[in-house]
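S.K.: My request is simple: use the sequences and hints to build the entire structure.
If you want the building blocks of each chain, they are given just below.
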Amino acid sequence: MPTKPYSYKVGFLLGGGLILLGLAMQFTVGPLDWNFFHAPRNYVTLAVLVLLIAILHILRRESRIAHFLGTLQAAVPSLVFTTLLTALMGLIRQNPSAGEAEGGLGLSDMLTFWPFVLTYVWMTITLGLATLKSAQRLLPLTLKAVAVFLCHLGLFVALTTGTLGNADMQRLKMVCAIGGTEHRVVNEEGLVKQLSVAVELKRFIFEQSEEGAPKRFASDIVIHTRQGEHIPATVEVNRPVKVKGWKIYQFSYDVDAGAESRLSVLEFVRDPWLPAVYAGIYILLAGAILMFFAPKRKRKGGIKL
Amino acid sequence: MIWESFIYFALTAILLWAVGAGFSWKNKKTWAVSFTCAGLAVFFAYILTMWLTLERPPLRTMGETRLWYSLFLPLAGLIVYLRYGYRWILSYATLLALVFVCVNLFKPEIHEKTLMPALQSPWFAPHVIVYMFAYALLGAATLTAIYGLATRRNVEASLDEMVTAGWTFLTMGMLFGALWAKEAWGHYWTWDPKEMWAAVTWLGYLVYIHWRTNSPLRLAWLLLCFVLLQMCWWGINYLPAAQGASVHTYG
Numbered sequence: 001m002p003t004k005p006y007s008y009k010v011g012f013l014l015g016g017g018l019i020l021l022g023l024a025m026q027f028t029v030g031p032l033d034w035n036f037f038h039a040p041r042n043y044v045t046l047a048v049l050v051l052l053i054a055i056l057h058i059l060r061r062e063s064r065i066a067h068f069l070g071t072l073q074a075a076v077p078s079l080v081f082t083t084l085l086t087a088l089m090g091l092i093r094q095n096p097s098a099g100e101a102e103g104g105l106g107l108s109d110m111l112t113f114w115p116f117v118l119t120y121v122w123m124t125i126t127l128g129l130a131t132l133k134s135a136q137r138l139l140p141l142t143l144k145a146v147a148v149f150l151c152h153l154g155l156f157v158a159l160t161t162g163t164l165g166n167a168d169m170q171r172l173k174m175v176c177a178i179g180g181t182e183h184r185v186v187n188e189e190g191l192v193k194q195l196s197v198a199v200e201l202k203r204f205i206f207e208q209s210e211e212g213a214p215k216r217f218a219s220d221i222v223i224h225t226r227q228g229e230h231i232p233a234t235v236e237v238n239r240p241v242k243v244k245g246w247k248i249y250q251f252s253y254d255v256d257a258g259a260e261s262r263l264s265v266l267e268f269v270r271d272p273w274l275p276a277v278y279a280g281i282y283i284l285l286a287g288a289i290l291m292f293f294a295p296k297r298k299r300k301g302g303i304k305l
Numbered sequence: 001m002i003w004e005s006f007i008y009f010a011l012t013a014i015l016l017w018a019v020g021a022g023f024s025w026k027n028k029k030t031w032a033v034s035f036t037c038a039g040l041a042v043f044f045a046y047i048l049t050m051w052l053t054l055e056r057p058p059l060r061t062m063g064e065t066r067l068w069y070s071l072f073l074p075l076a077g078l079i080v081y082l083r084y085g086y087r088w089i090l091s092y093a094t095l096l097a098l099v100f101v102c103v104n105l106f107k108p109e110i111h112e113k114t115l116m117p118a119l120q121s122p123w124f125a126p127h128v129i130v131y132m133f134a135y136a137l138l139g140a141a142t143l144t145a146i147y148g149l150a151t152r153r154n155v156e157a158s159l160d161e162m163v164t165a166g167w168t169f170l171t172m173g174m175l176f177g178a179l180w181a182k183e184a185w186g187h188y189w190t191w192d193p194k195e196m197w198a199a200v201t202w203l204g205y206l207v208y209i210h211w212r213t214n215s216p217l218r219l220a221w222l223l224l225c226f227v228l229l230q231m232c233w234w235g236i237n238y239l240p241a242a243q244g245a246s247v248h249t250y251g
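Here the protein sequences come in this chain order: A and B. Mapped onto our numbering, the consecutive letters of the first sequence carry residue numbers 1 to 305. Mapped onto our numbering, the consecutive letters of the second sequence carry residue numbers 1 to 251.
Since the hints were made in silico from the structure, they are not lab data.
Cut-off 30 Å, straight-line C-alpha distance, at most; resulting in silico cross-link-like pairs (DSS-like, lysine-lysine):
{"#": "1", "chain 1": "B", "residue 1": "Lys29", "chain 2": "A", "residue 2": "Lys296"}
{"#": "2", "chain 1": "A", "residue 1": "Lys242", "chain 2": "A", "residue 2": "Lys202"}
{"#": "3", "chain 1": "A", "residue 1": "Lys242", "chain 2": "B", "residue 2": "Lys194"}
Example chain A residues on the side facing chain B (calculated, C-beta under 10 Å, incomplete):
{"#": "4", "residue": "Val80"}
{"#": "5", "residue": "Met169"}
{"#": "6", "residue": "Arg216"}
{"#": "7", "residue": "Ala218"}
{"#": "8", "residue": "Arg239"}
No residue lacks a Cβ here, since even glycine has one placed at the ideal position from N, Cα and C.
M.R.: Written out as structure tokens, the structure reads:
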């Protein structure tokens, strides 16, 4: 065990240093291109990250830095920096689609802004180390120990798989005309692609309330697969349909025509990392609920409300 | 019409909840819990009748959503009461439930007012209700922190409890929102301004939870967190950077 542990001050210095490093990277290599992380690169990156965290955890008794990264003195500053940079993102109007930045510091493309990315990476490493530490403290098994472990693990899983898996997510729009069968879709970059399933739009349902606001819109479709299946389905807002690894959403319609719309726009979404992200979300949810019921740390004195 | 019998069920339930809340002030826990549960049963009986009459879950109109608010607020209040024994929480829950009952009683036009399609989801009521509870507990924590800063009394133990409870509800609200967003909009997280500020608020409270110090700075940080929370709740409606950029605006 290192003789004298670092203090919060060292954590804040580290955060400041990362911001400077990030700025330097922003001006030299330019904003981060998340498309770089297409499979298999995201799998490799995740494996390297987990390995790095495991090594730091093992080295915590030998190296002061490795020890420090897993302490509260590192966790609190990393969370402060993450909070502040996310707040900065909230205060500056963000470009609707990434990669459209024209010069400037890059603050309107915060997700590709290196100081932001490095701060989140630091927080994630500290979170990973906290996960391993809390795993070691699971015994003796207490509600509190389980809650702490699940919260850290869940957030770590959701954060890493959600971020790294994003490059593999496909969101494709299909414009269907009533009576027609369509298999072409447009991706987020505006390129036309062909799907292995085709959609026949039987009917577009549009219900209005008395005040004229849309009450319900839905598409009655038949999905034709290469294997010769014909699957009837109704796609509706909040009720996507699952088929062949795709989730099909009711996205839009001919808004000017309203109830007379002859078109329905569907969105095809495929996210191979979704099960991992959902696992993380549910683990965090379980951890948070257990935390609510776990006994609190005892503090001396104080008033009781 | 099923709505015509609403007033009888609603007033009975409110009365039972109010009596329960009264008992909690007197530290009569069993009575407080019994009356609150009785109120819940009466109110749920009404929702169930409506469900069976309509032959669908009552989730499609504004009025129907308000019913679930009125049911779940005392239920969440009861859970917090059982866990932490705050004497004020049942009164707060009853008051909020009363507000939504009154909305349904005095604005009958909302009974038939359909929600926009994106809001017609079983996630709607739980998402909003857990956030209301998070805001209440964190609001109480803020007041306690101000009291602690002003009087220099030690309020840390009470604060830790309230912030942990509030953070649990905050986490549930955020994650319910993510699961709902996936069903409604195709993705669980899109860094919409509302989501950004929800994340900022959540991270801010995490700082507080992890920060082990007796410095008054920690209480000051808690006050800052409540400002962040206001930004997430309504502030973004006035924030230039968020104008027209959020899908969380409903006309």
